[in-house]
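Between the sequences and the hints, there should be enough to build the whole structure, so can you do that?
Protein chains in written order, with UniProt numbering: chain A, 1 to 313; chain B, 1 to 475; chain C, 1 to 308.
The reader is advised that the hints may include incorrect statements.
Said to hold, decoys possible - If you anchor each label on the Cβ, the simulated ranges turn out as follows:
hint, chain 1, residue 1, chain 2, residue 2, range
1, C, Trp-141, A, Ala-22, 48 to 54 Å
2, A, Gln-240, C, Ser-152, 41 to 47 Å
3, A, Arg-196, C, Leu-148, 49 to 55 Å
Think of the hints as simulated: they come from the structure by calculation, not from any bench. Even for Gly, the Cβ is constructed at its ideal location relative to N, Cα and C.
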Amino acid sequence: MPMTLLQKPWLWSWLAAAASFALIVGLTEGRGAGGLAYAALSFGAFAAIVGLGQMLVISLGPGNVDLSIPATMTLASTLALKAMGSEPGTVAMGLGVALLVGLATGLANFALIYLLRLPPIIATLAASLVYQSLAIWSNRGLRIRPPAALAEFATGRSLGVPNVALVALALSIALWIMLERSVWGRWLLASGQNLRAARLAGIPVEAVRAACYVTVSLFAAVAGFLLASFSGGAALNMGQEYLLMSIAVVVIGGTSVAGGASNVPGIWGASLFMFLVVSMLNSYGASAGLRMVLTGLIIIGIVIAASTRRALR
Amino acid sequence: MTQPASDATAIVALTDAAKHFGPVRALDGVTLSIRPGDCLGLVGHNGAGKSTLVNVINGTLPPSAGRIDFPLSGATAAAAACVRSIFQELSLCPNLTVAENLRIAHRGLGGLNWRRAARQQVREALDMVFPGHRIDADATVDTLSIAERQMAEIAIGFAPRDAAASLVILDEPTSSLDAAIAQQLLDYVRRFCAAGGAVIFISHMLGEIFDVASRILVMKDGKVVAERPATEFTRQGLVDAMGHVAPEGAAVQAARAFGPQIVATPEGLTACRGEIVGLSGLAGHGQAEALARLYLGATSSWRSAGGRMVFVAGDRGRDGIFPLWSILRNASVSILPRIARRAIVDPAKEGHIAADWQRRIGIRTADLSNPILSLSGGNQQKVLFARALASDAPVVVMDDPMRGVDVGTKQDVYAMIRSEAAKGRTFLWYSTETEEVCQCDRVVVFRNGRISAELTGADITEERILQASFQMEEA
Amino acid sequence: MTRDIYRLMLPVVSLAVLLAATFWLQPRAMSYFGLNLLFNLAVPIALATIAQMMIIMVNDIDLSLGAFVSLVACVAATFLTDAPLTGMLILLALVLAYAALGAVIHALDLPAIVVTLGMSFVWGGLALTILPSPGGTSPDWLRMLMTLKPPSVPMAVAASILIAVVTHLLIVRSGIGTVLRGVGGNARSVQRAGWSVLRLKALAYGLAGLFGVLAGMALVGLTTSADANIALRYTLLSIAGVILGGGEFTGGRVSPAGAVIGALTLTLAASFLNFLRLSPDWQIGAQGAVLILVLAARLLFTRRSARA
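Encoded structure:
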């Protein structure tokens, strides 16, 4: 039924992504469509992974957000690359280090939120400053190259699809099943709608919240690890653009910031769109300033479009 | 039956007023006029159209058809005609003081020294309606108890502000008040009307209606089905007019045998297997807190409650409902681990259990996948009962679960609770209404946060409960 | 009333402790010039914190404030110097744009966090267009105003006190301020009482825009030049300042005096860490740690006030 399709919250992000894609391809008269799609999938994958994590936290309801994603990405990739030291055969160990860092930052974030009762925005912001210092101290800005096999994997493709996109896709599917079908997903969505009611309905709300904050950090660590491998080394500011990006893809993707509703397909539409819109403005020759202004206006436009659709329903 | 709408002495006159929400006729052609001195009792079941009528009169909702006039004042809007509403849900700003809340309601209050004027008005209004109250005009609202908030709200509603209130609409004003404070309010309403004010009084407690109303208006399905002076109604006649035949009064429960004691709190709250224990006393004397402590202490925020104890919320919006979800998901949320295989919820099992409870408890909906908010308040409450009863928890904790529930639903739920108790379940039931407390095997009365008396069998009467609520020495 | 006092005590105590520690480390800071140096950048941060507080007061959050202050700084360092009238008109338009933003967010029921996120790109892009590379000069009168040397109390301290008093009168004491806080507490009941919540939200956002403009101008007066990224960190600093000052994200519970003190504490924390001669690696991390410590202290205060 077309009505039910129109009601899908992820529709707008996909429409916007498709429109930007068409506008670029229209300009180049069809040349380079394949390359563009490939690049969008590669770069979109990183936004998608951090967006998925941020989505979980945002679904927990108003006030829940993780601002430590960039710092976690940097710290996890820095420590992982340092541990691997460009040596072959250390990839599993490196991934393990990255995941451990993610686990540690996630637990630390939640400890601040739970034990000190800090608002998540403030707790993750303050903690991220500490993580950032740790990353600086551990590496002093030296750029260590990832092992060749890892770099090859991160920049390579399977069946014509970038490997990083495949990893992101696998994570998305796993998370989607968790959210839609599992007890844990129900608990999460219930907690996001009304934390007090969830607690009184017998849901282990603090365990659910802890799981979300740990998961977002694990996803950020994976994204950082892949991004560093993809771009030939960790850099101190590598996560910076993913702070606003992670929130933007969640909201453009149709997840409600009021909590209790999440949307995995929308994350992908929004991630592709965020890359494509910049490419589109680039290919039309917009200056850096104009590009930013238009990106901002388009984000707001999509949010308005999505919200009026909600109101009509 | 009613005066013609052209009646120039009416404060407000409705002529064939109707309000439609899509195909739903929430208000279906009501003609009504209210004159100074009237105290109109408004009764009807949930969804009968009372709230819609109120919202049309106070200008929140424009009528879809018909007219609304304010002949006496000649005003075109309810606010200009000094029509005030005091709503069922608390509607003060919790972050402001009582006096500052008056500033919000009183738009004309200005000047450099508005604080003093506001403080004085609030104090006068509180003294007028609730003599002997202990509410500080400079207290922030969120430091007040629920009952005190409701008192402050009522006082602000009656406060003179720019001009004296001509018509005050009270929607379930006593729902959070205990009997003594409620009586003060009823007395004031009578004085207010005698002095030429008018009141619309909505309540599910028929005793209050008979106590204050000069006229009673019965609504059903958006229409006025009866309107007569209060003296021409009997209690039974009123219930019949509303369209439900409810048994008069509550019988004393026969003594039953119970199992071993399975609940015991440090403050002395105990319960045995199969027992229904009532918590009573004046509102806000620690009953709800005692139940919340019991429930939160028996369950954990880190492990699934796993069917040790379940909670039925009375404040549905705050404590019970998941507003984005369907009826089905709302009903099944407490039993998820039981109906899941390897952490994945089994939809067939879920649907089966929910359908079973829909039948047993009579949730009125065509499809359980409809949103929970499509149900009326009473039916939402039934979903919360189904959620709790569907679990295999041996102990059910109920925090004033019948707030705003109509008479018919109540009878259904009483029967269900008794049959579950007979099967060995234990109920702890806080209620502000004596009729509900009389359903219990044993009643503990709370005063100042502590248990002041324990009543069983034939001792469970309104009189004994009131005695224990006020008594100065321990019973 | 007691709760309000407890709300204010934490920021006051944490500022006092930090100040004492600074004087202990560096006794020479205990002077007119020392204080001026310590709180040098406090005024723009305090103004930005007040701006953020206006938004938090009506239950929203502004993620674009840093970009907005940067844009104002760019306008002030270019147009306001070269063509004062045009500059003033641009700044006025920016305040009105903020008010309009508040109205749109309310009318369409949009999540403020997202709209302001989008606006941060818009402000940033405009700033980049006006000033593609760092530069510009502050108007002379602005520089003179910011470097005034009032007798006995350093400019930064005097200005902060002035800001706190003015905003306290505006938000806590005045009638309209009370109604604005009421919007944060219970917008529905304010609406029912006949107020236009749309206008009130526009007013709150407009005030935020006004204080954002003042913050940007104060910043340029101190730094004498601008760039498009000059104040990006103000977004997070201002949020931290409001919370540090005893404000809460929801429910209209804010304290203007607390917010100013919170901003002073944040400014001082940076200076304090300088005095500690901490390795540059740990400067940022130590700021985070100070933030966590101070907020952890809040736990004790809220426990105390719950008992009061």
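Leu-148(C) and Arg-196(A) - C-beta distance against the hinted 49 to 55 Å: About 52 Å separates the Cβ atoms of Arg-196(A) and Leu-148(C), which means 49 to 55 Å holds.
Consistency of beta-carbon spacing, Ala-22(A) to Trp-141(C), with hint 48 to 54 Å: holds (52 Å)
Distance restraint evaluation - Gln-240(A), Ser-152(C), Cβ atoms, bounds 41 to 47 Å: Distance hint for Gln-240(A), Ser-152(C) holds at roughly 44 Å.
Violated hints are absent here; each numbered hint is respected by the structure.
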